[in-house]
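**Q** Could you slot chain B onto chain A? The hints should help.
There are 2 protein chains.
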Amino acid sequence: MTQIARLKTTDPDFDTRLDDLLAWESVSDTGVKQTVDEIIAAIRAQGDAALIDYTARFDRWQPRDASALALDPTRLSEALAHIPAAQREALETAAARIRSYAEHQRMEGWEFVDGDGTRLGQKVTPLDRVGLYVPGGKAAYPSSVLMNAIPAKVAGVSELVMVVPTPQGELNELVLAAAAIAGVDRAFAIGGAQAVAALAYGTERVPACDKIVGPGNIYVATAKRAVFGQVGIDMVAGPSEILILCDGETDPDWIAMDLFSQAEHDEDAQSILIAWDADYLERVAASIERLLPQMERSAIIATALNDRGALILARDEDEAAAVANRIAPEHLELSVAEPEALAAKIRHAGAIFMGRYTAEALGDYCAGPNHVLPTSRTARFSSPLGVYDFQKRSSLIQASAAGAAALAGTASTLARGEGLTAHARSAEYRGPEHEA
Amino acid sequence: MTQIARLKTTDPDFDTRLDDLLAWESVSDTGVKQTVDEIIAAIRAQGDAALIDYTARFDRWQPRDASALALDPTRLSEALAHIPAAQREALETAAARIRSYAEHQRMEGWEFVDGDGTRLGQKVTPLDRVGLYVPGGKAAYPSSVLMNAIPAKVAGVSELVMVVPTPQGELNELVLAAAAIAGVDRAFAIGGAQAVAALAYGTERVPACDKIVGPGNIYVATAKRAVFGQVGIDMVAGPSEILILCDGETDPDWIAMDLFSQAEHDEDAQSILIAWDADYLERVAASIERLLPQMERSAIIATALNDRGALILARDEDEAAAVANRIAPEHLELSVAEPEALAAKIRHAGAIFMGRYTAEALGDYCAGPNHVLPTSRTARFSSPLGVYDFQKRSSLIQASAAGAAALAGTASTLARGEGLTAHARSAEYRGPEHEA
Chain A
1 MTQIARLKTT DPDFDTRLDD LLAWESVSDT GVKQTVDEII AAIRAQGDAA LIDYTARFDR
61 WQPRDASALA LDPTRLSEAL AHIPAAQREA LETAAARIRS YAEHQRMEGW EFVDGDGTRL
121 GQKVTPLDRV GLYVPGGKAA YPSSVLMNAI PAKVAGVSEL VMVVPTPQGE LNELVLAAAA
181 IAGVDRAFAI GGAQAVAALA YGTERVPACD KIVGPGNIYV ATAKRAVFGQ VGIDMVAGPS
241 EILILCDGET DPDWIAMDLF SQAEHDEDAQ SILIAWDADY LERVAASIER LLPQMERSAI
301 IATALNDRGA LILARDEDEA AAVANRIAPE HLELSVAEPE ALAAKIRHAG AIFMGRYTAE
361 ALGDYCAGPN HVLPTSRTAR FSSPLGVYDF QKRSSLIQAS AAGAAALAGT ASTLARGEGL
421 TAHARSAEYR GPEHEA
Chain B
1 MTQIARLKTT DPDFDTRLDD LLAWESVSDT GVKQTVDEII AAIRAQGDAA LIDYTARFDR
61 WQPRDASALA LDPTRLSEAL AHIPAAQREA LETAAARIRS YAEHQRMEGW EFVDGDGTRL
121 GQKVTPLDRV GLYVPGGKAA YPSSVLMNAI PAKVAGVSEL VMVVPTPQGE LNELVLAAAA
181 IAGVDRAFAI GGAQAVAALA YGTERVPACD KIVGPGNIYV ATAKRAVFGQ VGIDMVAGPS
241 EILILCDGET DPDWIAMDLF SQAEHDEDAQ SILIAWDADY LERVAASIER LLPQMERSAI
301 IATALNDRGA LILARDEDEA AAVANRIAPE HLELSVAEPE ALAAKIRHAG AIFMGRYTAE
361 ALGDYCAGPN HVLPTSRTAR FSSPLGVYDF QKRSSLIQAS AAGAAALAGT ASTLARGEGL
421 TAHARSAEYR GPEHEA
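If you read the protein sequences in the order shown, they are chains A and B. Mapping the first sequence onto our numbering, position 136 (from 1) lands on 136, and the numbers just tick up by one. Mapping the second sequence onto our numbering, position 171 (from 1) lands on 171, and the numbers just tick up by one.
Everything hinted at is true.
A short, non-exhaustive set of chain A residues, derived as facing chain B with CB atoms under 10 Å: (1) 90; (2) 262; (3) 374; (4) 403.
Label pairs and their computed distance ranges (CB to CB): (5) 20(B) with 33(A): 27 to 33 Å; (6) 24(B) with 65(A): 32 to 38 Å; (7) 278(B) with 110(A): 35 to 41 Å; (8) 65(B) with 14(A): 27 to 33 Å; (9) 433(B) with 73(A): 36 to 42 Å.
Restricting the straight-line Cα-Cα distance to at most 20 Å, the calculated cross-link-like pairs of lysine to aspartate or glutamate (DMTMM-like) are: (10) 33(B) with 25(A); (11) 123(A) with 340(B); (12) 345(A) with 128(B).
Don't read these hints as lab results, they were simulated from the structure. Remember, it's a predicted structure, so these values are computed and weren't measured experimentally. Ideal Cβ placement from N, Cα and C applies to all residues, glycine included.
If we strip away everything but chain A, and leave its shape as in the complex, we get:
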């Protein structure tokens, strides 16, 4: 029997119970932080030598020298050539769809000319070099390689550098094949905080990157936070979540399985269903009981559902949408007859899966949009990973002589109001009096 929480929006303590359910604070372990700081300092000071030492110690294989840290480029294409055809086809189909969606996201520059002949604009450029962290061992997800690498290449990043730890020298062929498909330019068999430090600061062998993306364990996440500023990073993700809003007309087995698909990630994952039909919630609960024992990862699913899941009864669809906006979920399924009308009421969500046929799992792998999404209510202020994360903007200003003269007075008045007279005089040099 799962003990998934049952909440009603009419409960007097609903707000508090929901807050408790959603609460997630990544504990910043002082021990981890200190270890990571030491690793970063060692990589900065000793470069490849430290990288070899840490790899031997943490990944339990001994690189014979620094050149052994690099993966031969042909290694990726060989993996692609040797994986089963069905997997290769699935990876290529997914990659094509991810690329097609990403191409819609590419930002373009623009400019305009004002009445005084001053040109104003925005120039868009790709990042030069990006590092992609890929976890090794069991949690190696080829889909994550596609999702992180393809937007970078669509943005025009010239060099995409993958790092992947090889515990006891073991490589995941699907990960390498995905890297080949996604267009990874260079790869290194390193991982952990030492790989993040190498990507951020560079070593003799590993080139310094401008941004580091990709998931990792607590050491990787802590290292990414530590090097932020030196390089850009993507969001540090919390546990994965799904929120489903259902009108009570979807097959309850489908909804149960969608809840499982999040819960199977790990014990901290969060699966929540909101419906405005009490009987339907019971039918989903019955599906959960029936299907759970069939699942390969039933223990993980049960823990996640018991500790962080919920079945919530709302008064109606509008109230369900209001609760969804409060939760600001990573994944939001709108399993209703008219998903467009409901989607119009949603202000905060990483990805919205509309209609009964749009299982979140389709989005996780191959629908096209990215599966790297804001977690832990950060969809209130942040966005899915996209091409725009690998592009940046520069403002362009080109004042004509007339334009500079027109602006000089305003700039000078404001600069003097702030006590910055060099600013004022710099503007005044281009002003009308100086001209005359």
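**A** Same frame as chain A, but now just chain B:
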């Protein structure tokens, strides 16, 4: 005599000297971090009561109760009504130009339908509530209020909450007037780490925000870093910088004053000129010597130029552009006859000021583009503050029955390859076999 560094790209140690010159690491002071953590914990635990205590202690005035922390909305419009007409006009001119530029940045959603009838898209929504930190006292810059607030309002942020400390109860009328013009919705007379904590977590009186932007001292910056994740934040800025590339034909007094305009911000500011004409560098050096004693902030300027400034001789324009890309400056002036050709070679810069008439000071106040820009080489991976920082994206996926059936096989194959069978089964429920 200033002792501004002279470098030549042909010097054997040029790379090292340039790296040393650019090196900037914000020292993370453990004492500051600990104080900030305590303040955040107190605000979270005690709310307004702690806010009143800290305000009395740090800002040296005693709020009679929590209501005294809020600024009356009429206070802003009164300030606007009472400032000198020239300043009001300058603020309004600047605001109109900043707004006009920002409107070009607004992102719009999009969608498309694939061959199987699956709709894919991206929905764009504004942030609900944004907190704007404005420093009090001497470093109170009304231009920063405009630059931070206007993009948020153009994005459609419904509630913009300003906090501004009032040391010994003193308010800056220009800051309040700028807030009125920019459309700030609510304002509080609080500052420091306690104001950041209040904006991040909310108190009885101060509403919790989704993002916090705006400059501040080391306590404010440390607090913003600490609450990042709970809320979004803008970049934590380093010292301001200007890099000027000049072909030797601009009045050297103009260039000297442009270098001063950065250097006068503070002793850590960085002003660098690159030219490919050794005589011209000497003429600028002479202008610096002649003009410096006239400057109100000559001591600050001299320290900044001596400690962090440089006059660099390059071989030619192309080499100067390459050095500029290595520096990735916050502000880049292209003081040359053909700025467009040179701008095409620039990959990394926060803002590019093109041609001899485009003084950086014009951009600081009123050209239109934002003056909140990436510092300390972060233009390699980040962008000026803009409307897009106050919008976020949600992915939209609406699979048709046929589309879901087409995607199910791919998703299932990839999910099983990753050992995630609930994902696979969730996709398969929508697949062709299940349909039949």
